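The primary structure of each chain is shown beneath.
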Amino acid sequence: MSVLAAAPMAGSRPRTPAGRVVAALNRSVIHVALGLIGVIWLVPTLGLLVTSFRPRSDIQATGWWDIFQLHLTLDNYRQVLEAQGMLQAFMNTVFIAVPSTLLPLAICALAAFAFSWIRFPFRDTLFLIVIAFLLVPVQVAFIPLLTMSRDLLPDLQLTRGYGAIWLAHTAFALPFGIFLLRNFFITLPPDMIEAARIDGASDFRVFSTIVVPVSVPAIAAYGIFQFLWVWNDLLMALVFVQDTSKAPMTRAIQNLLSQYGTEWHLLAAGAFLLMIVPLIVFFSLQRYFVQGLLAGSIK
Amino acid sequence: MGIAPTPGIPQAIPARAGLSAVRSARGPEKPNYLAAILFLLPAAILLLVFLLYPAIYTVLLSFNRGRNGVFDQWVGLDNYVRLFSDPDFINLSTFPPSGALWNNVLWIVFYTSIVIFLGLIIAVVAARVRYESVIKAVVFIPMAIAATALAVIWKFVYSPDANIGLLNAILGAFGVAPISWLGDEHIVNFALIGVGIWGSVGFATVILSAAVKSIPAEVIESARVEGANERQIFFRMILPMVSLPISVLAVTLVVNVIKLFDLIYVMTFGGPGKASRVIAFTMYQQAFQAGQYGYGSAVAVVMLVVLIPIMIYNVRRFRTGAVT
Chain A
1 MSVLAAAPMA GSRPRTPAGR VVAALNRSVI HVALGLIGVI WLVPTLGLLV
51 TSFRPRSDIQ ATGWWDIFQL HLTLDNYRQV LEAQGMLQAF MNTVFIAVPS
101 TLLPLAICAL AAFAFSWIRF PFRDTLFLIV IAFLLVPVQV AFIPLLTMSR
151 DLLPDLQLTR GYGAIWLAHT AFALPFGIFL LRNFFITLPP DMIEAARIDG
201 ASDFRVFSTI VVPVSVPAIA AYGIFQFLWV WNDLLMALVF VQDTSKAPMT
251 RAIQNLLSQY GTEWHLLAAG AFLLMIVPLI VFFSLQRYFV QGLLAGSIK
Chain B
1 MGIAPTPGIP QAIPARAGLS AVRSARGPEK PNYLAAILFL LPAAILLLVF
51 LLYPAIYTVL LSFNRGRNGV FDQWVGLDNY VRLFSDPDFI NLSTFPPSGA
101 LWNNVLWIVF YTSIVIFLGL IIAVVAARVR YESVIKAVVF IPMAIAATAL
151 AVIWKFVYSP DANIGLLNAI LGAFGVAPIS WLGDEHIVNF ALIGVGIWGS
201 VGFATVILSA AVKSIPAEVI ESARVEGANE RQIFFRMILP MVSLPISVLA
251 VTLVVNVIKL FDLIYVMTFG GPGKASRVIA FTMYQQAFQA GQYGYGSAVA
301 VVMLVVLIPI MIYNVRRFRT GAVT
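Order-wise, the sequence lines are chains A and B. Under my numbering, the final residue of the first sequence carries the number 299; numbering is consecutive throughout. Under my numbering, the final residue of the second sequence carries the number 324; numbering is consecutive throughout.
So here's chain A without its partners, still in its complex pose:
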């Protein structure tokens, strides 16, 4: 239960009429301030949404806030999806994001299990190295990975397809995923795991039939986090996807912007298409999403 949620200005209830007026004023200041914050955080996104449904000629004639000029159309979406290839880009984003989420999930869960429930020498030292890896910026990998895929594995053509970006996203997701899942796995009751071992279950059986099923909330929270991270990424896609026809939405929107900087109707529709999946994920899975952010946070 919240401390501060307990009645506004709780404790000493003002006894004089003047005191009550002051308290009411204080409360209305709070409501006005929070209302203003709500407006500042909603209006820019709302403006984009409204603009994306307005005809091009209207957008150029009046501001989106002019509600007397409100004619709605889906033309912008039709145009950006078909003529501007955003449908293909949307599919590309899915092709990039799904494996770049599932691969790290599986690999992190395996490694996190070893770091929490298997004994081996230097376990703690290796885990500290994983924590140090958390902050290695992706920039240090760009040139070597491109060089490597060009010179060592030219036949695989990793940067022509999605291979390079899947592997790069996966590798750089590992430290965080291992860290997060290990911190969850070690909180599982030891008795549960020991009991299974005494019954003769192998490590893999303990992992797959006990640890993973009871850790679904933590794994889901990490999965959502990683999925949105990849979905929203531009930088890795710029470097590791060299075939423009395979580029994700973030790059398609960047292209729209640099080619037709003032075609606001296309930009608004394109940007909203990029936002729609994260927004659905956010509103439907908000609990997991916030858990994922708070995971390992201060209790």
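Hints were generated in silico from the structure; no laboratory data involved. Keep in mind that this is a model prediction, so the values were computed, not measured. Glycine is no exception: its CB is placed at the ideal position from the N, C-alpha and C atoms. Misleading hints may appear alongside valid ones.
[To be verified] Between beta-carbon pairs, the in silico distance windows are:
#, chain 1, residue 1, chain 2, residue 2, range
1, B, P178, A, D75, 25 to 33 Å
2, A, T125, B, R82, 36 to 44 Å
3, A, P17, B, V225, 22 to 30 Å
4, A, I30, B, L171, 34 to 42 Å
5, B, V49, A, G161, 15 to 23 Å
6, B, I308, A, V32, 44 to 52 Å
7, A, Q157, B, V109, 38 to 46 Å
8, A, T62, B, V225, 54 to 62 Å
Place chain B on chain A using the hints.
Structure of chain B alone, referenced to chain A:
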């Protein structure tokens, strides 16, 4: 801004996760080498091939001319000397200073402090109203969406065109001439930092709200009974008790700033001119547009070096398991 806590940042580390706290009875007594190797192998291979090896390669390449990404000519510290004498990277001879690295400093100072300040205010104030969860969800929405989308949203808001740009339309209603928010080199960084703040306050609010609520109600109540006013309660009780989450949050935000790229790339492409470049943008630009791989590697190494103290801080905190 996108998901600000890049997968790469422990938002905080729970006390029980510290090594000293859990050295006890996890796993059977006998080491199981085979199982350990099998479970760790996929992660180990990926980390060695795609993270550790490239990092070492990049450090070495930064001492080379590195044409085409291969070692063709060793140049010693030449790349670093050029980098730090490049006024586009850091220029301390003017006032105020300028350059990409300086812009990161501006970001760290203004973005970090204002995000934490607003996050704390919203967390504390929203807790007093019934629609707290609505306010928190509203300020949190920008966290879910891509920096690329944030950039487009704010390109609209900042547009000098009176039919597109809300901000200039509002100013115009008061008779103020349109301001070129993204076209004026003295304003552009602050306009971008504003977008960054808008994108990250939700994250700070969620983290700090959880921290504020973990303060026992009785403690606050007894202070009220003793006659403490709201201001005293905030500054003498709440603030000290959330100082640890604030420091962890500050570290996360600083790391965000050092890795900041997408927003700058989409909104201004480092412009006007080179006025809004940041270090991660410079790395991309030098390596992939100017084709200077050795020089670009030096920029990447500077990013790594700046992050190393934070790495050490994280490892230390974790090893001692001391959070409280």
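The hints, checked one at a time:
no., hint, result
1, B:P178 to A:D75: 25 to 33 Å, "holds, 29 Å"
2, A:T125 to B:R82: 36 to 44 Å, "holds, 38 Å"
3, A:P17 to B:V225: 22 to 30 Å, "holds, 24 Å"
4, A:I30 to B:L171: 34 to 42 Å, "violated, 28 Å"
5, B:V49 to A:G161: 15 to 23 Å, "holds, 18 Å"
6, B:I308 to A:V32: 44 to 52 Å, "holds, 46 Å"
7, A:Q157 to B:V109: 38 to 46 Å, "holds, 45 Å"
8, A:T62 to B:V225: 54 to 62 Å, "holds, 58 Å"
Checked against the numbered hints above, the structure breaks only hint 4 and satisfies the rest.
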